Structure formats: C-alpha cells, structure tokens
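Novice: If you read the sequences in order, they're chains G and P.
Going by the numbering used here, 882 is the number at position 808 of the first sequence; the sequence numbering is gapless.
Going by the numbering used here, 338 is the number at position 333 of the second sequence; the sequence numbering is gapless.
Each hint can be trusted.
Calculated lysine-lysine pairs in the DSBU-like style (CA-CA distance at most 30 angstroms, straight line): (1) G:K757 <-> G:K775; (2) G:K472 <-> G:K566; (3) G:K406 <-> P:K159; (4) G:K566 <-> P:K159; (5) G:K494 <-> G:K526; (6) G:K526 <-> G:K472; (7) P:K443 <-> P:K457; (8) P:K265 <-> G:K837; (9) P:K159 <-> G:K402; (10) G:K837 <-> P:K249; (11) P:K457 <-> P:K97; (12) P:K457 <-> G:K406; (13) G:K472 <-> G:K356; (14) P:K249 <-> G:K851; (15) G:K775 <-> G:K837; (16) P:K457 <-> G:K402; (17) P:K265 <-> G:K288.
Reference listing, derived: stretches of chain P covered by chain G, where coverage requires no fewer than 3 residues with Cβ under 8 angstroms from a Cβ of chain G: (18) 211 to 218; (19) 259 to 267; (20) 486 to 492.
No lab work stands behind these hints, which were simulated from the structure alone.
Because the structure is a prediction, the values reported are computed rather than measured.
In this text, a Cβ means the ideal position worked out from N, Cα and C, and glycines have one as well.
Given next are the chains, with one letter for each unit.
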Amino acid sequence: MICRQLLFRVGIVVLGWCSQVARADDDELAREALKIFQTHCVKCHNARDLAGGLSLLDGPSAFAGGVSGEVLDPGDPDSSYLIDLITTEGGRAAMPQEGPPLSAAEQETLARWIREGAVWPDGVVLAPPYQLDANWWSLRPLIRPTIPSTRANSKQKSERDTTEETQPHPIDAFIYQVLNERGFELSPPADRRILARRLYYDLIGLPPAPEELKAFVEDPDPQAYENLVDRLLNSPRYGERWARHWLDVVQYADTHGYDKDQPRPNAWPYRDYVIRSFNEDKSWGRMIEEQVAGDALFPGTVDGIEALGMIAAGPWDLVGHAEVPESKIDGKIARHLDRDDMVRNVVQSFTSITVGCAQCHNHKFDPINQVEYYRLQAAFAAIDRADKPYDHDPEIAKRREQLNAERTRIEEILAAAIAKLPPEEQSRVGEMELLLDDDVNSEELSDVAKAKRDLKGVKAKIEELPLPSLVYAGTVHHGQGSFSGTGPSGGKPREIRVLYRGEVTQPREMVEPGGLELVSGVSPEFFIPSNHDESDRRVALARWLSDRENGFTWRSIVNRVWQHHFGQGLVETPNDFGQMGGVPSHPELLDWLACEFRDGGQSLKSLHRLIVTSAAYRQTSNPSLDDPREDARLVADPNNRWLWRANRRKLDAEQFRDTLLLVSNCLDETMGGPGFQEFVMEKPEHSPHYRYELHDFFDAKSHRRSIYRFTVRSQLEPFSNALDCADPSQQVARRNESQTPLQALALLNNGLIMAMSQRFAEKLERLSEIQEINDPKQRLARQIERGFWEVTGRQPTLAEVEELTDFAMEHGLIQVCRVMFNLNELMFID
Amino acid sequence: MLGSFCQRTQRVVTPLRREFLGQLGGGFGTLALAALMANDAKGKQSDDAPYGHSANGSPLQFRPRAKRVVQLFMAGAASHIDLFDYKPELIKRHGEPADFGEHVEAFQDGLGPWKKPVWDFRPYGECGKPLSEVVSPLGEFVDEIAFVHNMVGKSGVHSTATLLQATGFSLPGFPGMGSWISYGLGSENENLPTFVVLPDHRGFASNGVKNWDSAFLPSEHSGTMVFPQNSIPITNLYPHETGKFVTPESERRTHEILAKLNRQHTSERPGDGRLESRIKTYELAARMQLAAPEALDISDEPQYVLDEYGIRDGGAEWPAEINATEEADCFGRKCLVARRLLERGVRFVQIWSGNDNGFPRRNWDSHEDLERDHGPLAQGMARGAAALIGDLRRRGLLEDTIVFWTTEFGRMPSTQGGLGRDHNPFVFTNWLCGGGIKGGVSYGPSDEWGYKPLDREHPTQVYDIHATILQLLGLDHKQLTFRSGGIDRRLTDVHGHVISDILA
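Kindly generate the complete structure, drawing on both the sequences and the hints.
Specialist: Below you can see the structure in the form of structure tokens.
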C-alpha cells in the first residue's frame with residue numbers, strides 16, 4: 075500500500091527541475107507560478123479533460139495553447155490571453171470557471187512570471203488530478219456485496235415474480251435498487267416468441283426454427299424457459315458462438331498481416347481450443363492458465379499446448395523477423411513491437427488494464443509506470459510466434475519426450491567426446507557421416523564413433539514416430555538465419571531493458587519479470603529463482619492473472635459476458651477499466667457477479683444461466699413510450715444504462731451470415747479443422763493475393779459457420795467487413811455498429827446474398843406440404859409465409875403476404891427471398 | 006431533453022462528441038446526434054466557430070485553405086536522389102567507395118560505392134528547382150510545389166514504414182490519414198464515399214487495406230477501394246453475377262417493398278434512430294449506384310485531356326517488360342478518375358503506384374536495377390501527376406485541393422553492389438502543392454549525399470506533414486481525437502508541428 079500511496083503523491087513532479095534554470099529568482103518565480111496552475115487550473119486544463127483544448131500540465135502544452143490559440147506570450151502579460159481570463163472585474167473573472175477568482179497576489183505573480191519570460195523549466199510536469207483518485211472503482215479490492223433486499227415496485231411484477239413470490243432474482247435485486255431510486259421500473263416481459271429468438275441468437279448465434287419456436291411458445295412446463303436455456307447451453311453451437319467474442323478480443327486471424335500477409339496455416343487449433351473449452355465449460359481460471367502457460371502447468375495435455383495460440387494470435391511482422399536479424403535496429407524494433415503485442419494481448423484481454431500505454435512513459439492516467447510495463451515484457455522474453463509441435467496421443471507424446479531427452483543426452487556426450495580430440499581432428503569429425511571401426515584408431519575417436527552411432531539410432535526412432543501436430547503459438551523458437559529465436563541458446567530469455575521513450579536505441583536499466591502494483595491483494599513480485607526455466611516466467615504471470623484476489627480479472631470477464639447479453643457492459647469500456655475508461659452503471663452488481671463467478675466454479679455457462687434467467691434480461695425492448703422526446707425514462711437515461719428495458723440488438727456479421735446459410739438449408743455444421751476459404755489465392759510465393767471476387771458462392775465447402783472462416787488479417791472478407799466484423803489487428807472488445815450505403819449495397823448485391831436467395835427459394839419450393847397446393851398464387855403465399863417465419867420468427871400480416879406474393883408472381887420467389895434477407899426485422903433483434 | 010449530455014460533453018471538441026454519441030448503444034445515440042448536430046449548425050458562427058463549420062457540422066479551428074486532398078503514394082520506396090533531391094556531390098564522387106562517416110545499418114547488407122543519380126537534373130521555373138529528367142513533366146509546376154527533403158522515418162521495413170506514413174503509427178490498427186480527414190470534415194457529397202482509394206491494380210502495397218482502414222473510427226470513414234477498370238468498380242456496387250435474376254424492374258420493386266416493410270416495422274418501434282437510418286442507407290445506396298459510374302466514366306473526357314494524362318485506347322495489349330507508356334496509362338487513369346471524384350466532392354483520394362514488392366518489379370523497391378524500375382514508374386507517375394495538377398489548376402480546383410506526394414522511405418546514395426539502391430529510412434522527400442501551400446520552396450535540405458537530413462537535430466516527420474495538412478483543412482491535429490483503448494487517439498499521436506515555412 076505504501077508504494078501505491080507514493081504513486082498518488084500530490085505535488086509537483088520535479089524531474090530535472092534545477093538544471094536548465096538560469097537564476098535562482100527565475101526558479102522561485104516559476105515555482106510560484108506553477109503552484110498556482112497546480113492549485114487552480116489543472117483540474118480542468120489537463121491532458122485528459124483538455125478544457126478549451128488547453129492543458130497546463132507541462133510547458134510544451136501550455137505554450138501550445140488551446141482552442142482560442144496561444145494563451146501565453148512570454149515577456150508580455152498584456153498580450154497574454156491567460157491574464158485576460160484570470161483578471162477580476164467587479165469581483166469576477168472568466169477563469170477559474172469552477173471556483174473563486176485568483177487573489178490579487180496570485181494574479182500579480184502570474185503577470186510577473188510572464189513578464190520575466192514565462193520560464194517553464196524543462197521536464198517539469200504538474201500532477202494531473204486524475205491520478206489522485208486512489209479510490210477509482212477498479213482499484214478497490216473485490217469484496218462480495220450483499221444482495222440488496224430491494225423488491226420490485228408493486229406495479230412491476232415480472233413473469234418470474236408471480237411464480238416465485240419469495241426473493242427476486244439476485245441480479246434483479248441490484249437492478250431494482252437503482253431503478254427504484256429513480257422511480258422507474260423494469261419494462262414488462264418480452265413475449266415468448268421474441269424472448270426465444272433473443273436467447274437463441276445470444277447463446278448460439280442462430281435463430282430458432284419455426285417449429286422450435288412454436289414448441290417453446292406452447293410449452294406448458296413452468297420450467298420451459300430454463301429448459302430452453304439449458305438445451306442451448308449444451309448445444310455445440312454455443313461454443314462456436316462465444317468463441318467468436320473471445321477471438322475478437324485476442325486478434326485471432328489465419329494470416330500474419332503486415333507486409334506480404336502470408337498464411338498462418340496452423341492457427342486454427344487455437345480457435346478450436348477456445349470453442350471446445352467453452353463447450354466443456356472449463357473454469358475460467360484454468361483457461362487463463364492454459365492460454366498463458368499451459369505447456370508448463372498442464373504438461374502432456376493437448377489443451378495446454380493449443381491454448382498457447384493466444385499469445386501468438388495477433389499480427390506478426392514477418393519481414394521484420396525473417397529478413398532482419400535481432401542485431402539490427404529494425405530487427406530490435408520488430409521484436410520489441412512483437413512483445414508489446416503479446417503483453418497487450420494477454421494482459422489487457424484478461425484484466426482490462428491498458429498496460430500498453432506505459433510503453434514510452436509512465437501511464438498518463440493510471441498508476442502504471444514504465445518499469446512495470448517492461449517487467450511484463452520480460453515474461454515473454456524467451457518466446458516468439460512459431461509453429462509448436464505436439465502430439466494428440468499421450469503415449470506418443472511421452473515417447474517423443476523420452477527420445478528427445480535421450481537425444482539431448484547423447485548430443486552432450488558427443489560434444490564432450492569431440493572436445494577431447496586434438497584440435498585438427500575436431501574439425502574433421504563433422505565431415506564424417508559415420509566413423510567406421512577401421513578409421514577409429516584411438517580411444518577418444520571410438521567414443522565419438524559410439525556417440526555418433528547412438529545419435530543416429532535415436533534420430534531414426536524419432537523419425538519413426540508419426541508426424542506431430544502443429545499449432546501457431548507463443549513458444550521458444552528454434553530457427554535459423556535472421557529469425558533464429560532463443561532456441562539455439564537453449565531458450566534463454568532475452569535481456570529486457572526499459573526503453574527510454576520506447577526507443578530500442580535508448581535502453582536503460584534491466585528488468586526482471588513482474589506484475590502490476592495497482593492490482594491490490596496480489597504481489598507484483600514473481601519471486602522467480604535466478605536459474606529458472608523460461609516457462610517459469612509465464613507460469614508466474616498466469617498465476618498473477620488468475621489469482622482470486624486479482625479483481626481486474628474477475629470483473630473483466632463477467633463484464634465482457636454481460637455486454638454480449640445486454641448489448642453494453644456494466645462498464646462501457648470492456649478493454650479499459652482505468653481512469654480513461656467508464657465507471658460501472660451498477661458497481662455492486664458487477665462485484666457481486668465477479669465474486670459469484672469466481673467462487674462458484676468459474677463456470678461461464680452458470681454465469682450465462684444466471685444472467686438470462688433474470689427479469690432484467692427478459693423484459694421487452696419495446697415498452698410503450700410516451701413521445702420519445704418527452705418520455706421520462708428516455709430523458710433521464712437515453713442509453714438505458716439503468717436497464718429499464720432490453721436493448722434492441724443488431725445482428726453481427728457472423729450471426730447474419732450464419733442465419734442466411736441456416737434458413738437456406740446450406741449450413742454445414744462440421745466442427746473444427748482448417749478454415750474454409752472464400753477467396754482464390756494467387757501468387758502465394760511472395761505476397762499472396764486474396765481474390766474474394768473469384769469465390770464461388772455456391773461452393774458447399776464454404777458453407778460452414780463463420781467462426782471457421784480462414785481470416786485474412788490485412789484483407790477481411792468484404793461482406794463481413796461491410797457488416798462491421800472485428801478487425802484482427804485490434805483488440806476488439808465491442809464492435810462498431812454502422813448503417814452505411816456500402817453495407818446496404820453488400821446486403822443487396824453480394825454473391826452470398828444472391829446464392830442464398832436462390833437456395834432459400836429452392837428450399838421453400840421443395841416443401842412437400844406446400845407443393846401439394848395447386849393454385850400457384852396460394853402456393854407462393856404459403857411458401858412466403860414459411861420463409862417469413864424463418865427469417866423474422868413471426869407470421870406475416872395478410873397485407874405483407876399479399877404484397878410479397880404479388881411481387882413473387884411477377885418476378886419469382888427468389889426476389890422475395892432477397893427482400894426478406896434485407897429486412898430490418900431480420901437485422902434487428904427485439 | 007439532452008441537458009445532461011450537453012453538460013457532460015460541452016468541453017469536448019465536437020468530433021469526439023459526435024462519435025461519443027454515435028457509439029452509444031440502445032439506439033438513442035442517433036437521435037441525440039441529430040439534435041446536437043442541429044445545435045452545432047445553428048447560429049454559433051461568430052462565437053465558437055470564427056472559421057465556420059465543416060460539412061459535418063463541427064467547428065473548424067483554423068481558416069480552411071483547402072477542402073480536399075489527393076495523395077500519391079509510391080509503394081516500395083521511391084528514390085529521392087534520382088527524382089527530386091539533386092546531389093551534385095554524388096555525381097562528382099560516383100564510383101568512389103562510399104564513406105558515410107559512420108556505421109550504416111542497411112536493410113540488406115553490403116553497401117557499395119557512391120552512385121550518382123541515374124538521370125540528369127536541370128532547373129525549372131522561376132525558383133530554378135532542379136528536377137531529374139525522368140520526372141520532367143513536373144517541371145512546369147515547381148513554382149507551385151513545396152518540396153520537403155528532410156523527411157525521416159522510423160524503420161527500413163516496408164510494412165511498418167508504410168503504416169507510419171499512411172496512418173501515423175508503425176503498427177496496424179490505426180485509421181488512415183484519409184479516414185481521419187473524413188471523420189473530421191465529413192462528406193460534401195453523400196452519394197459518393199468520402200475517402201476513395203485507387204490501389205495499384207496489380208496488387209496492394211505492404212499491409213494492403215490496413216493503410217486506409219478506418220480501424221477504430223466508424224466504418225464509414227474507411228477508404229473505399231475503387232477499381233475503375235473492373236466491371237464492378239466498387240465492391241458490391243451492382244448485383245453479383247450469381248444474381249442474374251435481378252432486373253431493373255425487379256430492383257425498383259425490391260427497393261419499394263423493402264422501404265414499405267421496413268417503415269412499417271420502424272413505426273411499431275418508436276425511438277430507435279438506427280431503424281430509420283438503415284432505411285435511408287438503401288436510398289443512398291441506390292443514388293451511389295448512379296453517381297459512382299458517372300464519376301468514374303472517363304469516356305466523355307476530350308481527347309486532349311486523355312493525352313495529357315497519358316491514357317491510351319482501352320484494351321491495349323502491353324508488353325511483358327515494364328515500360329513507360331503502360332505506366333503512364335495506368336497511373337494517368339487513376340489521376341483522371343481522382344480529378345473527377347474530387348470535383349464531385351470526394352474529400353480524400355489516395356492513389357497508389359507500386360504493388361507488393363514482388364517480382365517482376367512493378368514497384369519502387371529497386372534493389373536490383375534502379376533504372377529498369379524507377380525509369381518507367383517515374384515517367385508514368387510524373388506524367389499523370391503533372392496532368393492532374395495542371396487540370397486542377399485549369400478548373401480552379403488547385404486553390405483548395407492539396408496534392409501530396411509521398412513514399413515510405415528513400416533510397417541510399419550508394420549502390421548495394423549492383424545497379425540498385427538499398428532502403429534509406431534516414432532521409433527521403435515529400436512534396437505538396439495546391440490549397441494553401443507555398444510554391445517554389447525546398448524546405449529542410451538533406452546532407453550532401455542525401456543520406457540524412459543536413460540538420461540531423463531537426464528533421465521533418467510524417468506527424469509534421471499530417472499536422473500541416475490538417476491545419477490547411479481547418480483542423481487542429483491536437484483536437485481531432487477519438488477515444489480508443491483508453492487513449493484519445495490522434496493522427497499525429499503525441500507529435501506534430503505545423504511547418505509554417507511551406508504555407509502560403
């Protein structure tokens with residue numbers, strides 16, 4: 075705690091305060107002037123709030139001025155705008171805006187300071203107000219709040235409350251508390267048809283078939299909804315849906331990005347690991363540990379290796395590694411940026427701490443200093459991104475491990491034997507493939523010969539084993555040439571130094587791996603012995619991340635899950651829990667959920683179940699409103715942060731595409747394996763050209779769920795891109811949502827829309843019970859009704875059927891299918 | 006109605022405020038946005054916005070000198086020494102062992118002797134600026150051009166260097182310069198994209214789309230790729246070939262029915278601005294289907310204009326070897342299309358010369374034979390660029406259009422053993438002309454070799470160029486921000502100084 079207090083210390087930071095100041099008087103005057111800024115001005119005029127575009131935290135910012143231009147004219151107080159602003163007239167001054175005017179003495183000090191040249195000593199930075207908040211919500215230890223005893227207002231009886239008169243759902247208790255304070259209430263429950271559709275899309279990313287929908291709506295079982303929740307959570311489609319959210323955050327793609335953007339053919343085992351782990355409902359703590367140090371913590375398991383794909387999931391600068399050695403500056407930059415990506419991908423994804431901001435200087439808004447950032451880099455100092463071999467069969471894995479150990483042992487014997495030879499013979503040994511007994515004329519040489527024979531034997535045995543599988547992962551790389559990795563030096567971690575301003579040409583002190591001090595309750599010290607193995611560093615990091623006292627970790631994951639159920643997080647900035655981020659709308663609920671999740675087996679499925687069975691989740695998104703400009707709830711809470719209704723959600727790119735395939739009877743549900751390609755690859759030898767426009771949209775191989783797409787990092791599939799899919803060059807916590815003309819063009823004209831319109835129409839035309847209808851118009855009408863159900867989950871009105879049938883009579887059913895794919899009612903889930 | 010909002014966001018500059026609202030979930034963002042925009046546009050001219058507002062309603066921070074930009078990006082690293090930055094010392098010392106006075110870390114090892122410019126230089130214009138004969142068509146305009154000869158980069162690796170020049174960051178995941186300008190100024194013609202990219206049709210430069218991606222900015226600010234020679238010049242502009250069933254009449258009915266059903270749906274769900282917005286995007290899409298081909302169709306351009314740009318008859322069969330006529334044709338077509346887009350209100354056009362640094366070279370990465378690659382590429386580029394500048398000037402558009410030529414880094418003053426030059430991230434050249442740029446200027450000399458800036462302590466960086474261009478557009482680079490990952494991101498990161506010496 076002492077260190078934390080130091081970080082928050084108030085006052086002027088006196089970096090290099092003395093050196094550049096010419097005279098002691100100047101020094102004193104500057105001190106006086108800056109003290110005034112510190113006391114009265116930087117509360118608003120700082121780098122974060124930038125009131126009037128002006129920051130008075132440091133010299134360069136102050137002299138640069140703000141929106142109205144420069145505010146300081148050194149030597150001339152009369153033409154300095156700042157003096158105009160602070161000068162009192164009739165007891166009032168324009169500035170400070172929030173507080174009493176400066177005293178006459180203070181005004182005079184500033185005028186004198188400007189008159190004498192407005193000296194702002196180099197490097198002096200005032201303390202910004204925001205670091206003073208030691209009580210910032212995310213810094214507080216995670217303590218389980220008691221569930222409030224709040225009940226719904228008498229009017230707001232949800233469906234659940236009428237069946238269970240006793241306690242409200244714990245989530246609702248927290249939400250009622252906030253709503254009651256404002257005199258608001260939950261909206262009525264959504265009708266079952268809408269609710270089921272919402273739940274299907276949320277949990278499995280696909281819509282219910284009309285039959286499933288009808289069965290649920292008519293199900294008399296009081297547990298019908300809970301049963302549906304369980305059924306969906308148990309569907310393998312669940313893991314496919316929720317893996318997508320996590321892959322967005324960790325920048326997963328199947329090519330490297332940067333120059334050339336070459337394929338990464340062994341990335342997919344990591345994607346499959348995430349899907350499988352979600353489906354198995356693995357505990358989150360275990361998933362954290364597997365993804366950071368699974369090789370060391372769970373040796374001999376496939377998951378422990380494949381999970382390491384997370385560290386390597388982000389972009390990789392192939393040229394900066396493969397063509398430039400580590401000895402060159404450009405090579406150093408590439409490797410530094412590579413580790414930076416690993417740090418951000420791992421630490422920010424799990425904790426929502428924007429640690430990357432401390433790469434060039436101490437974090438401006440959160441108590442993270444630069445040394446701590448480099449300590450995190452040190453955790454990855456030995457590893458690179460490369461294909462890591464592993465075996466699915468544990469017997470073979472064991473055998474391979476033994477043989478590899480044997481090989482290492484013999485190699486050591488050989489090296490020792492060679493060392494005993496006279497120097498002139500040493501150089502010849504390498505040339506001799508195998509020493510024959512005839513050649514061996516000394517004891518030393520005979521040792522060498524034996525070792526060589528043994529080595530050949532063990533290598534042959536290794537070659538007899540089946541080829542290992544490969545996953546692109548964070549691993550010690552055994553390479554050659556420019557990209558050799560640390561393998562050749564036995565996986566010894568590279569020396570990590572603090573880089574002044576993040577420049578590789580300005581290394582400073584060396585650092586050892588460690589965590590962040592701002593995480594209360596968990597020691598930032600990793601206590602790794604000096605003769606440790608590379609993986610010990612990642613093990614320590616994994617344990618620091620998954621520590622039950624690490625409040626960031628548990629709040630981070632429950633907030634991410636919440637966001638995908640409600641459309642917005644309890645904290646609206648899921649990747650940033652720092653002081654530039656948001657504050658929780660329901661802080662106690664967040665902490666309660668985090669504790670409940672952490673202490674209840676860390677089961678994501680239980681968390682989903684808990685959330686979706688709340689009345690808050692089940693309310694309607696479309697309560698009757700007064701005039702939207704008048705409605706009290708809208709006026710007070712236009713963004714629905716207090717959850718007085720459900721949020722209408724737009725389908726994301728994957729939900730939309732998968733729906734097209736599903737309703738058109740084209741969806742191939744094959745799970746796992748290499749991704750399907752929606753492009754033709756040309757010129758693969760240098761910089762592959764990914765020609766999406768040449769893809770055959772009828773090709774059934776490409777009709778798998780979108781999660782299995784081969785994602786080209788630099789060139790996203792155009793249709794999904796138009797629908798705001800995640801950019802795997804960024805850690806996407808929450809996708810953009812846009813309505814643009816280019817999106818409309820994609821939905822009207824893309825080959826997939828055309829192909830699926832045709833397949834959908836064919837399916838509807840084949841429906842046997844409808845085929846029997848003789849009257850063509852009536853037949854069309856029935857086909858359209860059925861199609862409408864599939865796409866929107868409801869019976870079309872008579873007018874709608876008539877309109878669409880007329881259109882189909884004239885232009886064909888396929889045209890109607892294309893129209894249905896473009897409906898707002900498909901795109902937005904109530 | 007929005008009292009609490011306005012209060013909370015008052016002191017935030019408007020683009021941020023706009024996006025803040027735009028980002029909000031739940032659908033009321035759009036409504037709030039509309040209301041605020043209306044407020045912004047109304048009667049605040051004199052107090053808050055002495056320089057007026059941009060098309061998107063946000064106040065400008067400077068008197069705008071330009072409204073639009075066309076960027077010419079030479080992918081693979083064009084040699085400043087052989088094109089724009091005259092180094093007589095190299096001619097004198099040609100063939101002598103190169104002595105840089107310090108250890109030089111080249112991208113590929115093995116620097117050779119000093120190498121004189123491949124082409125002769127001669128002076129042009131009143132300013133007497135020497136240019137290489139390979140770019141001689143630009144000589145006519147040197148009195149309108151400001152050259153910046155002391156550009157420095159951060160790395161000699163194409164990908165990171167290209168990202169730096171294109172987005173201001175060495176890592177992928179940051180918006181392109183055109184995206185920022187689109188975000189800052191908005192559209193002048195909503196029937197066309199605000200930011201258009203004309204890639205080299207033979208392949209993307211390093212990083213491909215990442216150079217013009219909107220990254221964390223809303224996707225409407227992404228560069229829209231246009232391939233004028235393709236039957237579908239903008240992705241999805243027309244029905245894909247699998248959609249042969251679409252006819253003009255069915256298309257008309259589709260739009261009609263869709264609008265009707267969507268309106269009905271919207272009317273039952275009051276208060277969600279996204280629903281109405283989405284309906285409107287279909288109207289805009291239909292208008293774009295008309296506006297885009299009109300803008301891209303050069304068939305009604307008079308012959309003398311086509312000749313100026315070096316455009317030949319369509320369907321020409323080109324020889325297998327790289328040649329100046331073909332290069333002029335393909336660069337010239339993009340330049341002419343750029344002019345047509347700019348005059349129709351497109352805010353930012355980016356033209357790429359050079360593909361993916363593969364072989365045979367159709368890019369500026371002349372490690373092996375500079376004359377072979379740079380010759381045709383430079384002749385083609387200079388012809389198209391000169392025609393574009395002249396054409397814009399003739400139409401009165403040059404006054405408020407910035408033409409900006411750049412590349413990811415320069416090339417070494419020595420050979421690398423053979424006929425080529427290695428990468429030189431330590432100095433290279435940019436040039437600008439048009440809207441608010443002072444012509445006839447050569448700013449920031451490089452040293453006698455063209456190896457590093459003459460004044461090594463005061464180089465020019467991409468941030469300075471970006472800050473300068475933004476200011477000419479009326480934007481303060483420090484205030485054009487967007488909150489992402491806990492940081493108010495800027496095009497210029499934490500850097501950037503306006504280069505006042507090149508402002509008219």
